[in-house]
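Given the coordinates of chain E, work out where chains F and D with the ligands should sit on it, guided by the hints.
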Amino acid sequence: MLDTTLDSLDLRGDFYTRNFQPHPSENRLILNMGPQHPSTHGVLRVILEIDGEYIVRAEPVLGYIHRMHERMAEVKRYEQYLPNLGRIDYLHALAWNWAYVGAVERLMGLEVPKRAEYIRVITCELNRISSHLLWWGAYLLDLGAFTPIMYAFADREIIMDILQRITGSRLTYCYYRFGGVSQDIDDKFIEQTKELCKYLRPRLKMYKDFVTDNIIFRKRVEGIGIIETEILRKYGATGPVLRGSGIAYDVRKTKPYSVYSEIEFDVPSYELEDAFGRYLVRMQEMEESLKIIEQCLEQLPAGDFILPKAPKRPKPPAGEVYFTVEGARGEIGVHLLSDGSAYPYRLKLRSPSFSNLSLFPEVVKGTLLADAVSILGSLDLVIPEIDR
Amino acid sequence: MSNYSKSQSIREGIWSLIVGLKITAKNFLKPTITVHYPRETVPTDKLEGYRGHIELVPKPKDPFTPKCIMCNLCATVCPSGCIKLVTVKEPIEEKSKSGTNTQEDKKTAKKKFKKKLVAFELNYNYCSLCGLCVQNCSVKSLRFSKDIYLAGYSKEEFEYDLLARLRAKAKVKSAKELPQKNSEG
Amino acid sequence: MISLAQIPIPLIKIVVGLLGILIFIGLNGLACVYLERKVAGHIQRRPGPFEVGPHGILQPIADAVKLVAKQMITPKGADPILYWSAPIISFAPAIVCFLPLPFGPSLQNISINIGLIMVLAFSSLNVLALCLGGWSSQNKWSLLGAARDIAQSVAYEIPLLLSMLPIVLLTGSLNLADITAYQGAWPWQWLVVKQPLAFIIFFVCIFAETNRAPFDLPEAESELTAGFHTEYAGMGFGLFFLAEYSYMVVGCALATILFLGGYQGPVAPGWWWFLIKVYGLLMVMIWVRWSFPRVRFDQLLNLTWKWFTPLILINILITALVVKLI
Ligand code: SF4
Ligand code: SF4
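Residue numbers (my numbering), protein chains in the order written: chain E, 1 to 388; chain F, 1 to 185; chain D, 1 to 326.
Extracted from the complex, chain E is given alone in its bound form (with noise of 0.2 Å):
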C-alpha cells in the first residue's frame, strides 16, 4: 500500500490522504465522511473508498478531539483529575467518575458505605437511561427521522433535572468521591425519581410502537451491519455491541462491582448479530435500568454518604489497580499507577467507544453508503471517548 518511491511521494496533504489511494484501474471514489458530517457525531472522521454507493475499504481517522486526559492525570492530584472524568464520555458522565473513583478506593483500601453505594447505582443507572435515550434519538436522527430525537431529548431532559438538584450540573457531572458520593439524596429525590419510574414506562411503549415496530426503520437495520462473535473478540468489543450479538456478557454481572450483586436484573442479549439487535438490546436495557433503580430506592438503607474518615485530598500507597465498570457503551476501565505521591503515576483509560469503533471497517465493507450511517449509529460512538 505505501508506496515510497521518490516520485510517488506527494506530499499534499496528510498522511490519510497521501496513503488512501483508490485502486488506479477501477472506477472508485475517496470520500471524506467528517470531520464535518451530520452522522459522525462530533469530530470523527472516516475515509470511505466507494464504488457507487458501495463501500470497498474505511478507515476511520481518530485524533481530533485528542484533549490529553490520560498525561493531565499525571501533573493533577488524585482528587483534581475528578471533574475530568465527566468530560471524557460526557453522555454517561458517572459511570467514567465511578470507574476513577472506584480504583483509587481500592487502592487505598477504602469501604464505601452501603448508602452510598445505592446511591452510585441509582445515579448511574438514571445516567445510563438518559445516555441511552439521547442515542435513541440521535440513531433516529441517523435514519432520517427527525421527531424521536425531541420526545428523547423531553424525557431526558426530566431525568437531569432529576440529576440536578443532587449532583449539581446536568452533564458533566462531577458527584462521586472517594469514599462516598458528594451529597445525599432526599425524599424529593426518591420521589420524583420512582415518578419518572412510572412515566418512563409507557413512554417507552410509545417508541417501540412509533420506532421500533415501523416497518421503513425495521428496514433500515433489520440485517444491516452483521457483526460476527469473530470480530467482536478480534477487536474487544464490549457493552450493547457485544450483547447485540448474542453474548451475554455485561460487567455487572460478570464481574459484580458495589451491590449489583444483591439487585435483581437481567442482561439482554440477542442473537441477531445485526443492527437491529443491537437496537433491541439498548431499548431493553433502559426497562432494566428502571427495574435497578425501583429495587434500589426499596432497598436503600440509611447510614453515611460517605465515608466520614475518607481523605478529602488522598494519598494512596504505592501500588497498581484496575478496576472495570459497565458504562452505556460498555466496559469501561481504569488502570492506576501509584508511586506513593498525590499525583497518579500513570493513569490509562480504557473506552469502549474505540474497540468499538475499530471493528467498524470490517464491518462495513460492501455496504451502502445509507448503512454505513446505519452500522456507524447503530455502534453508539461518543468520539470525545475514543480520543479522550
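Just so you know, these hints were derived from the structure itself, not from any lab.
Check the hints yourself; a few may be wrong.
Stated by the list, open to error - Below, simulated DSS-like cross-link-like pairs (lysine-lysine); rule was C-alpha separation at most 27 Å, straight line:
no., chain 1, residue 1, chain 2, residue 2
1, E, Lys194, F, Lys26
2, F, Lys171, F, Lys140
3, E, Lys219, F, Lys22
Frame of chain E; chains F and D with the ligands shown alone:
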C-alpha cells in the same frame, strides 16, 4: 402458508405506519413544552441544587465580611486554578494588642501583622463547577450561587471579584432592610 | 408602434396569468415554509418559529430576506454556467406547471387538451436541474446526491405516470378542466372512490417526485450532508427550496384535480375548495415527513418496481375492462 404470512407482514407494515402517524398526531395536539426564555424563565423548583459559580458566605453577624480565613486551600485544590486570593498584610493596631490575652491575639501579636482579604478573584471561564473548593473549605466560606442567567460579550466579564460581589449584595440587602426597620420602629 | 389593442388577447392572458402564478408561488412558498415549521414544531412539542411577528408569522419573510441578501458563492473548480443555471432550470418549469391547472371553474390559464402531459413533462425537468447542480458543484456529496436523484426518478416516474392512466381511461380526456368536470360535487362522486389504489400510489410517488421524506434521498442530510445542494448559498439554495415547495403544490394540485374533484365541493364550488384540498394534502405530506425515517434507495426501487408497477398495471387492466364493458 408463506403467502399468508407474507400478506400478514405487509398488513402489519402498513399498520405500523398508521400507528406512527397516530402518535405524531397525538403529540401535535398536546401543548408544547418549550420555555420561551426571555419572556418566561425556568421555574425555581427546577433550579434547586443548581450550581452557579461559587460565592463567599458572609459571617452570620456581619454580612460585609466573608467567613474566609485566607487559608488558600481552595486555590490550591482547584483543578482549573481559577481561584486567586489577594491579601495584604496590615500592621496590627495597638488596641487589640492591649486587650485580653486570647489565643488569637497572641498569634497575631507575634506576627504583628494581620492578613486582610482585599479581593477573592474567580476566573469563571475556567471553572469546571466540580465543587472541590466548596467541599474542601474548612470554615464553609464557599457555596454555589444560583446565578443562572449569565451572558456577556467578553471573557473579562466572567472574571469576578467575589469579595466585592459579596459586599455589593450585602449593601443592597441592608438598603432594603433599613427602611423596613425604620418603618417598623 | 403597436397599440395596445393589437396585442393578441391570449398573450395578455398568459402574461397576466404568469404574473399571478409567480405571486402565487411566492406567497405559497412563504405559507408552506411557515406551515411546515409550525407543524413540525408542534409534532415535536415545541412552538416552531415564534419570535418574528406574532407567533412567528413573519419568520418566512425574514428568512427570504436573509436568503436574498446572502452572498452567492461559487465553489472553486465548479462550472459556473451549469452551476448557476441549475437552480433556474429547477424553478422555471414549476411556473409552467401551474399554467394548465384549473384553480376554479373559470380560473384556468390555458385550457389545452394535453394539460396533464404538459404538467408531467415540465415537472420532470426538475431531475435534470438537480443532476446539473449536483454534477457541477465539484463536490462528492453533491455528486452522490445527483446520482441518487437519477436513480430515484427512474424509480417513481413510471408508476407515477401509470397511476394517472386509469383516470384518463375513465374520463377520456387529458384536459385537466374536463377531468374536474367529470367528477361531481360530493365526495362519493370523486374519482378517489373509484380508484383508491391509484390514488395511494400516485400520492406516494408524489413524495418521491418532490424529494420529500421518507424519500428525500438526494438531499438526505444525515448521509449526504445536504446532497445536491450542499454547495449552494443564498438565492441559489432559495430557488431550489422554492422549486421544491412549488412542485409539492403542483403534485398536490394534480392529486386534487385527478382524484379529489378539483374545485368542486358540496357547497359553492370555487377556487377555495381547490385550495382547501391542496393544503390538506400538503399537511399530510408534512405530517408524514416528520413521522418516518428515510428509506434506502434500493428499497425505494424495490417498492416502486416490484409493488407499485405491477399493482398499477393490474389496476389499469381492470379499469380498461370495466370501461370497455360498461
Ligand atoms: S478554603 Fe475557604 S477559608 Fe480557605 S481561602 Fe478558600 S474560601 Fe477562604
Ligand atoms: S468549582 Fe472546581 S473548578 Fe470551580 S473554582 Fe471550585 S474548585 Fe475550581
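The hints, checked one at a time:
Pair hint Lys194 of chain E plus Lys26 of chain F holds up; C-alpha atoms about 26 Å apart against a cutoff of 27 Å. Proposed proximity of Lys171 of chain F and Lys140 of chain F is supported: the alpha carbons are some 22 Å apart, at most 27 Å. Between Lys219 of chain E and Lys22 of chain F, the direct Cα distance comes to roughly 20 Å. Compliance with the 27 Å bound is thereby established for this hinted pair.
Figure legend: structure checked against the earlier numbered hints; every hint is met.
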